[in-house]
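Using the sequences and the accompanying hints, generate a full structural model.
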Amino acid sequence: MSNRMSKFQTSRRAFLAGGIAALAMPSLVRAQGVEALSARMDFAPWGVQAAMHLAQVKGWFKDVGLDVDVQDGRGSANTLQLVNAGQVDVGQVQLGLVPQARMKSATVRSFAGFARATDLAAVVDRDSDYKTVADLKGKSIVCFAASPWAPFIDYWLAQGGLDRSTVELLLVDPAALWSTYTTRRADAILSTGPSIIPPAEAVRPSRGILASDAGVNFPSYGLIASDETIEKRGDALKALVASQQKAWAYLRDGNAGEGAEAMIQQRPTIKLTKEVLTRQIELTIETFETPATAGKPIGWQADADWNAALASMEKANAIPSGLTLSDIFTNDFIG
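Residue numbers -31 to -1, 1 to 304, in mature numbering (1 follows the signal peptide of the UniProt record, and there is no 0), belong to the letters of the sequence shown in order.
Because the hints were derived from the structure by calculation, they are not lab data.
Quick reminder that beta carbons are idealized off the backbone N, C-alpha and C, glycines included.
A few of these clues could be false.
[As the list claims (entries may be wrong)] Have a look at the derived ranges for each label pair, beta carbon to beta carbon: (1) Pro260 / Gly107: 34 to 44 Å; (2) Thr152 / Gln56: 32 to 42 Å; (3) Arg154 / Arg43: 17 to 27 Å; (4) Pro237 / Arg153: 24 to 34 Å.
Structure below.
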């Protein structure tokens, strides 16, 4: 099993050009005044969204001439659909969904990738003997049908010599996913390690078996917009990226707790726990760097990472071949 997932120690590697440059971010304020921008998150508030809320609290959006409406989401797939339909300007989602959406005629692309490594994991009891997918033979595994995991389940099982007849696969409503795992009605939950492991600590201490250990490469969280928005509102997107680079660099530099506090301040009616949010932020930051992005700015995406992701999707029959990288992402707004 990956040492990164087993230990989940907060990385403090300087993100070199990205983090340093973001901290010295120049003013991008538009002469015409503040520009409104809607940004919809992937789901209900959790640590991956900290940079958005921190930028709101710190005034970093205003510093770059933006008035950002940060909206809670109902799943990455739903957010992607709303961005594609033009109902919101920007989505923060799991970027691995973009190639599948493009093959279904969606016109969205990623313009910043923050969590660039795969965070998909089978989360299991910390003290269990499960180390690889093969160890889950005969066990119950819970997921939901629209999960980013869904297209990879059969391929992932096959890497351990398993299939749906050798495990009990429980596909539940997203609202029932968490309780199915925490009440021990499933041996494993297919989700993202950073989102599940911290809140599970109090009720079912857990660790993750990374999907990438079985050859599933899936870029995680970043920002998307429609082709039209990318073409017509480039200045606003560049300003948003700069604010998020600054926020993530600040969080990485030992300030995850402050990010948690910003989220609690911005969502006072939702029961959020600082300790859980802080740990989610820390684990998210661990997914920021891949070998192909070492030394690159925060948000910059690598051809090599996306080529590996496309290869995984093709092997899993999630997409046919034929997509070009320019259909999926752009680094044009990364300063």
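Tested hints:
| no. | hint | verdict |
| --- | --- | --- |
| 1 | Pro260 / Gly107: 34 to 44 Å | holds (36 Å) |
| 2 | Thr152 / Gln56: 32 to 42 Å | holds (36 Å) |
| 3 | Arg154 / Arg43: 17 to 27 Å | holds (24 Å) |
| 4 | Pro237 / Arg153: 24 to 34 Å | holds (32 Å) |
In this structure, none of the earlier numbered hints is contradicted; all agree with it.
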